[in-house]
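Asker: Below are the chains, spelled out letter by letter.
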Amino acid sequence: MKSHTEYLWFSTRERVEFINITDECERVLRESGVREGLMLVSAMHITASIWINDNEPGIWKDAQELLANLAPYNRPYRHNLTGEDNADAHLKNLLVGHEAVIPITNGKLDFGPWQQVFYCEFDGRRRKRVIVKVIGE
Amino acid sequence: MKSHTEYLWFSTRERVEFINITDECERVLRESGVREGLMLVSAMHITASIWINDNEPGIWKDAQELLANLAPYNRPYRHNLTGEDNADAHLKNLLVGHEAVIPITNGKLDFGPWQQVFYCEFDGRRRKRVIVKVIGE
Amino acid sequence: MKSHTEYLWFSTRERVEFINITDECERVLRESGVREGLMLVSAMHITASIWINDNEPGIWKDAQELLANLAPYNRPYRHNLTGEDNADAHLKNLLVGHEAVIPITNGKLDFGPWQQVFYCEFDGRRRKRVIVKVIGE
Chain A
842 MKSHTEYLWF STRERVEFIN ITDECERVLR ESGVREGLML VSAMHITASI
892 WINDNEPGIW KDAQELLANL APYNRPYRHN LTGEDNADAH LKNLLVGHEA
942 VIPITNGKLD FGPWQQVFYC EFDGRRRKRV IVKVIGE
Chain B
842 MKSHTEYLWF STRERVEFIN ITDECERVLR ESGVREGLML VSAMHITASI
892 WINDNEPGIW KDAQELLANL APYNRPYRHN LTGEDNADAH LKNLLVGHEA
942 VIPITNGKLD FGPWQQVFYC EFDGRRRKRV IVKVIGE
Chain C
842 MKSHTEYLWF STRERVEFIN ITDECERVLR ESGVREGLML VSAMHITASI
892 WINDNEPGIW KDAQELLANL APYNRPYRHN LTGEDNADAH LKNLLVGHEA
942 VIPITNGKLD FGPWQQVFYC EFDGRRRKRV IVKVIGE
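Line order of the protein sequences matches chains A, B and C. The first sequence begins at 842 in our numbering and counts up one residue at a time. The second sequence begins at 842 in our numbering and counts up one residue at a time. The third sequence begins at 842 in our numbering and counts up one residue at a time.
Simulated from the structure, these hints should not be mistaken for lab results. It is possible that some hints are incorrect.
Pairs involving identical chains hold if they fit within one copy or between any two copies, as the list cannot separate such chains.
Pairs of lysine-lysine, DSS-like flavour, derived with a Cα cap of 30 Å [as the list claims (entries may be wrong)]:
(1) K949 with K843
(2) K843 with K902
(3) K969 with K949
(4) K902 with K969
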């Protein structure tokens, strides 16, 4: 079994921002040499998520608006009593999830026609990391 | 390491519909010959999800109603300005997630007594695919 | 490829309760002997979830409150017509998800500084199980 691990760093300009990382994931796959296996893409902070969806800016805004309605910024959250202001970002992570697991077949990300990988930042403007780990053969 | 990949096709009668695919997943596992490993079950479209839950039609309806409340059909979503009418289906995918990863132990899906695998269609009435990929030994 | 499987049992005092299981996951990893691979942590019941987040009780309460607002206990759910009272717990599982997949690098859970693993019980006060499965080398 082969394994290959890389860390992607992000520092977004906006507090909430989605970034298409499909090309980076494909690059990591090529460097891994894996032809059949799984790729794990996972946020290493607890105020960000990975989402597989559409490379269409309208849907990113729709998603950000939905999440802002469900878990608005700066409400009287208990977590914010610790001095933080990012409880909403933890709650967005709760709803969207931490990671994606992507199938690798014949040396490619085995995606349908519209699938792209996004890093979803909910509390940005500082350096944060994503792990991309490939296992297989 | 062994790997085995199959694609399941669906074309639902309803726009929103849940389909129990546990038997199909078990069949793919048998064909893989894997005794210890992981099964990835993942929607290949971005308007569908995989959910592990109960083989009880009432809870499917409850889930569909909750998602219809959180992300209703045909609101003024930005994504629908592109000519699509399925932004709500992308948002349901955001909340439910894309995939399930299932443990394989002693040649079986290592499930508790009530766990079943569902394909959750949010924008059906056309041909769409799910990948089932098994890795292990 | 090595694999190693353990089952963790829980019986919470409260109906809804989050339990930090990071130490247990690290113990299972040590026993597996795996240095590079993946760990799957997955609820074996359909009224519980796994969440990777912060070891801070305020955010657990914020998360429980958000989920209680989105899927309140004891509404006229169809599932509860079967004689159950736990439809809300199934819906919380829908929103949070079933499992976490954790990267293993150099024999450690490859986590950022704040990541911890939580068992999220939504219908407790009875014995329920989580599977922890490690694959790798």
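Asker: Hint by hint, say whether it matches the structure.
Answerer: Evaluated hints:
no.	hint	in the structure
1	K949 with K843	both (15 Å within a copy, 17 Å between copies)
2	K843 with K902	neither (38 Å within a copy, 41 Å between copies)
3	K969 with K949	both (27 Å within a copy, 20 Å between copies)
4	K902 with K969	both (21 Å within a copy, 25 Å between copies)
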